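Protein sequence lines, in the order shown, are assigned to chains A and B.
First residue of the first sequence: 1, per my numbering; consecutive thereafter.
First residue of the second sequence: 1, per my numbering; consecutive thereafter.
Don't read these hints as lab results, they were simulated from the structure.
Because the structure is a prediction, the values reported are computed rather than measured.
Wrong hints could be hidden among the right ones.
[To be verified] What the simulated footprint calls covered on chain B by chain A, stretch by stretch (three residues with Cβ under 8 Å from a Cβ of chain A suffice, anywhere in the stretch; the number is not a length):
#: 1; segment: 100-108
#: 2; segment: 192-198
#: 3; segment: 203-213
[Claimed, not checked] From the structure, some residues in chain B lie toward chain A, with a derived Cβ separation under 7 Å:
#: 4; residue: LYS45
#: 5; residue: PRO48
#: 6; residue: GLY52
#: 7; residue: TYR123
#: 8; residue: MET243
#: 9; residue: PRO300
Where a beta carbon is used, it is the ideal one built from N, C-alpha and C, also for glycine.
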Amino acid sequence: MNIEISNGRIVDPQRGVNRIASLFIADGRIVGNEVPDGFVADRRIDAAGCVVCPGLIDLGARLTSIEAELAAAVAGGVTSVVVPPDADPPLDEPELADRLVHRGQEIGKARVLPLGALTLGLKGERLAELAGLKKAGCVAFSQANAPMVDTEALLRAMEYAATFGFAVWLQPQDHWLARNGFAHAGEVASRLGLSGIPVAAETIAIATIVQLARDTGCRVHLTRLSSAAGATQVAEAQAEGLPITCDVGVHHLLLSEHDIGFFNPHARFVPPLRSQRDREALSAAVAAGLAAICSDHTPLGADDKLLPFGEAKPGASGLETLLPLTLKWAAAAGVDLPRALARITAAPATILGLPAAHLAPGAVADICIFDPAAEWQLSADSLKSRGKNSPWLGQALAGKVKATLVGGRVAFAG
Amino acid sequence: MSNPQLNDKGELSHLLSIEGLPPHILTQILDTAESFMEVSARDVKKVPLLRGKSVFNLFFENSTRTRTTFEIAAKRLSADVINLDINKSSTAKGETLLDTIDNLCAMHANLFVVRHAASGAPYLIAEHLRRSGRDDVHVVNAGDGRHAHPTQGLLDMYTIRHYKKDFTQLCVAIVGDILHSRVARSDIHALTTLGVPEVRAIGPQTLLPKHLDKLGVHVFHDMDEGLRDCDVVIMLRLQNERMNGALLPSAGEYFRHFGLTPQKLALAKPDAIVMHPGPMNRGVEIHSAVADGPQAVILPQVTFGIAVRMAVMSIVAGN
């Protein structure tokens with residue numbers, strides 16, 4: 001199938017391209033900006049006024065109901081989703097990973113990149129069959145938000161992963177400091193009488209992980225940083241030359257503990273939203289290229305948030321708001337469009353060791369086309385995800401996806 | 001952020017927290033309570049203000065004492081009172097909090113008095129009522145988790161006003177487990193709202209929440225220093241489960257450092273009053289000589305509590 005995307009603003013952060021041009025696609029790959037000899041478009045997409053960029057790669061999206069969530073992904077311009085292993089059952093056996101990957105291919109929307117469970121049942125005790133999971137399509141190994149209480153087990157897991165060159169993804173939260181809390185141990189938690197999780201829960205975990213990465217040589221990706229101090233630790237580890245990367249959930253770039261207001265359960269996240277100062281430091285770290293941005297998509301049922309703050313489930317539906325919220329962050333932080341898009345395209349591709357996420361001739365045609373100026377109101381009905389849980393419901397967001405191509409096929413057209 | 005406690009006219013529709021309430025509403029409640037004090041002294045201790053209205057005491061957490069005072073207050077206002085001990089009924093069968101509320105609304109409840117172990121639960125109920133368009137159903141928070149116990153805060157203010165008249169010259173010390181105390185949080189908001197210039201918190205670091213300074217409170221870890229020249233001393237109950245563990249080594253060591261003895265009380269002003277929300281742990285946070293001494297106003301607090309709860313219920317259900 002031949003596709004012509006005409007007259008859009010091509011923004012390709014990896015190659016430093018930012019100009020108005022057309023893009024020609026044949027056989028699932030990008031051919032170039034000039035019409036090739038004998039090219040007859042089977043489909044033309046008018047992209048005038050729109051941005052044409054590499055498809056978004058989301059480093060964390062839960063696919064509770066896989067069809068709906070993959071449809072949500074492409075509706076949000078996301079062409080690849082990294083799926084954490086905390087599904088039911090946890091993704092700790094090669095057959096489960098195999099089944100998930102195949103189901104994703106059958107559905108044919110966004111690409112599914114599963115994270116295998118690092119330990120059986122995510123219990124933090126016995127190693128899962130990492131090599132088998134890898135063969136079944138897992139891109140790395142993770143405990144999701146489940147704790148790794150036993151430091152020796154963590155050391156062994158990292159040694160074992162390093163043996164095969166596998167990356168380990170860890171959510172840095174000290175189990176003991178985090179287990180009873182559900183909000184940042186700051187002024188809001190003190191005022192509302194919510195039990196708090198101190199920043200030390202993150203910094204202690206990062207210190208442990210960094211030391212073990214130093215000792216084992218294991219590649220580590222830290223998911224969902226929440227604090228200024230945590231970002232500093234990662235920057236120091238990177239400066240030391242350790243193979244450590246990280247990401248930040250987009251909500252942590254825009255919201256802080258103050259958004260809990262009067263116990264708004266939609267402001268409950270793992271890790272918790274922290275102080276304004278932490279939010280600003282995370283924003284600066286992301287702007288400086290330290291971290292990728294992800295949606296941390298967590299679709300929940302309607303009842304999961306109709307509970308007192310501490311009993312409500314944490315997380316927000318995020319695949320369809322990753323792009324507009326990243327744009328919102330970029331506008332507030334004074335980050336230009338190519339640099340902002342790099343955080344959700346090229347940066348996650350690098351973390352995953354994927355070749356794609358650019359629009360050079362020969363690249364796989366995973367493409368997002370969006371109107372950066374189009375405003376829309378986020379409502380439960382507007383979300384394709386089963387999860388209608390978002391702190392942004394009822395708010396106007398700028399940036400609407402017009403079409404999403406996965407492997408040169410139109411997977412979504414708005 | 002609009003205040004979910006107030007209606008469109010800025011009147012009190014729910015009492016969820018002292019935080020965010022303007023001083024004139026607190027004063028209105030205290031003045032109304034004062035007018036009710038006389039009712040309790042009558043032979044026929046009733047006024048017809050809530051006649052025909054149904055007050056549901058929804059206690060998701062046990063508290064005979066607080067529930068009883070609400071029950072008495074509602075009966076003196078001529079309301080019909082229904083006590084629901086939720087622990088043993090619907091939620092044990094898996095019904096959600098909001099399902100319970102919907103069911104009771106269908107029974108034409110007018111006012112819910114809610115005690116819940118989770119901070120913020122009464123907000124959830126008030127928000128649910130607002131969304132369902134039930135503006136005629138009201139919520140009074142009778143204690144939610146560690147967050148707030150606004151009627152206790154108000155009865156504490158009533159007590160202070162009764163004995164000290166003017167809030168704007170006072171030094172008030174709150175002593176003990178502030179971290180886990182909804183009473184302390186409500187007292188702090190009420191005191192700062194009513195213009196008390198010096199609010200102190202005294203306790204070990206393990207029992208004080210962080211960032212208390214942001215609430216306008218001066219923190220002391222040395223009780224002698226903290227009590228010096230105070231006009232009012234509010235002692236907090238130390239829960240049994242806090243006494244021996246990671247927060248405190250023992251009740252004995254706690255009493256030696258933070259228990260209120262006659263010697264320590266002597267550091268406060270000679271006419272200082274001693275308050276306690278009850279129930280007291282004698283010999284843990286307070287010495288019997290103080291609890292039973294001339295400066296203690298702990299039993300008058302209980303009496304004032306009924307008038308204050310009558311005031312709150314008549315105001316929210318009357319608005």
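Going down the list of hints, with the structure as the test:
1. Interface restraint, the segment 100-108 of chain B with chain A: violated (0 residues with C-beta to C-beta distance below 8 Å; minimum three).
2. Only residues whose beta carbon comes within less than 8 Å of a beta carbon in chain A count, and the segment 192-198 of chain B has 0; fewer than three means the coverage is violated.
3. Counting residues of the segment 203-213 of chain B whose C-beta lies closer than 8 Å to any C-beta of chain A gives 4; at least three are required, and the coverage claim holds.
4. The beta carbon of LYS45 of chain B is not positioned within 7 Å of any beta carbon in chain A (closest approach about 34 Å), and the interface hint is therefore violated.
5. Using the Cβ-Cβ criterion of 7 Å, the hint placing PRO48 of chain B at the interface with chain A is not satisfied: the shortest such distance is roughly 34 Å.
6. Violation of the interface hint for GLY52 of chain B is found here, the shortest Cβ-Cβ separation to chain A being roughly 31 Å, above the 7 Å cut-off.
7. Proximity of TYR123 of chain B to chain A holds as hinted, the smallest CB-CB distance being about 5 Å (cut-off 7 Å).
8. For MET243 of chain B, the shortest C-beta to C-beta distance to chain A is roughly 18 Å, which exceeds 7 Å, and the interface hint is violated.
9. Interface hint at PRO300 of chain B: violated, since its Cβ lies 27 Å from the closest Cβ of chain A, which is beyond the 7 Å cut-off.
Hint compliance for this structure: hints 1, 2, 4, 5, 6, 8, 9 are not met, and every other hint is.
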